[in-house]
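Student: Chains as they are written, first to last, in the working numbering: chain L, 1 to 120; chain P, 1 to 120.
Hint data in this document are derived by calculation from the structure and do not stem from the laboratory. Hints are not guaranteed to be accurate.
Given that identical chains are not distinguished, each listed pair holds provided it fits within a single copy or across any two copies.
[What the hints assert, rightly or not] Below, simulated EDC-like cross-link-like pairs (lysine to aspartate or glutamate); rule was C-alpha separation at most 20 Å, straight line:
hint, residue 1, residue 2
1, Lys19, Glu47
2, Lys19, Asp115
3, Lys120, Glu37
4, Lys19, Asp89
There are 2 protein chains.
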Amino acid sequence: MTSSVPASSLDPAVAARLKRSADGLVPAIAQQYDTGEVLMLGWMDDEALHRTLTTGRCTYFSRSRQEYWVKGDTSGHVQHVRSVALDCDADTVLVKVDQVGAACHTGARTCFDNDVLLDK
Amino acid sequence: MTSSVPASSLDPAVAARLKRSADGLVPAIAQQYDTGEVLMLGWMDDEALHRTLTTGRCTYFSRSRQEYWVKGDTSGHVQHVRSVALDCDADTVLVKVDQVGAACHTGARTCFDNDVLLDK
Chain L
1 MTSSVPASSL DPAVAARLKR SADGLVPAIA QQYDTGEVLM LGWMDDEALH RTLTTGRCTY
61 FSRSRQEYWV KGDTSGHVQH VRSVALDCDA DTVLVKVDQV GAACHTGART CFDNDVLLDK
Chain P
1 MTSSVPASSL DPAVAARLKR SADGLVPAIA QQYDTGEVLM LGWMDDEALH RTLTTGRCTY
61 FSRSRQEYWV KGDTSGHVQH VRSVALDCDA DTVLVKVDQV GAACHTGART CFDNDVLLDK
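Input sequences plus hints: build the corresponding full structure.
Tutor: Put into structure tokens, the structure is as follows:
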């Protein structure tokens, strides 16, 4: 995959160990830093991860629109970044954030509130 | 994608709204149900989701080995399923579990403990 990764400003040491899907992206989980709520899952390429690490605002890459989006730029529902970690395989990002308002475009606090398949 | 989805025992109403990646999978976030810790991210196809919903044990599909794996079958570090939800786009699964022991194959409690890129 390495040869097909677009140039980005991401720290080369991080870029070297990042394991991307065939589309060059990794899933990024956004979690509310204090309550632990899992808010949403987005996708990042190297540049989106770089921007998330350096701007203080969570930035994703839209698979459908093929463009970057800064969470909250349209809705005001900003995600202020508190911490960023890779998993043990370096193929998933966990971003702890302070979410302003609703994380979900439906107005729900999280994207997982409204389609519960099982609850014991 | 619908025509290429392998037959599974998943509830057809759920299968009809599930939005899979090109490889037929959806990311599945495992979260400790009481502490809120994000433990790991795995992948599920329809059958893995069905088994997770019906067996009480978290079941994933390994992208590298192209086979199902029941978390804890080898390690003993079982994930007992407490709830399962889809997100608003039906392309991500959140499974709240009771994790026995370490979630990570490294022995760490979660897969996100050891590669912190930013911590404010």
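Student: Confirm or reject each hint.
Tutor: Structure-based check of each hint:
1. Lys19 to Glu47: within (14 Å within a copy, 25 Å between copies)
2. Lys19 to Asp115: between (30 Å within a copy, 14 Å between copies)
3. Lys120 to Glu37: For lysine 120 and glutamate 37, both the intra-copy (18 Å) and inter-copy (19 Å) Cα distances are at most 20 Å.
4. Lys19 to Asp89: Only inside one copy: lysine 19 and aspartate 89 sit 7 Å apart there, 24 Å across copies, limit 20 Å.
Hint compliance for this structure: every hint is met.
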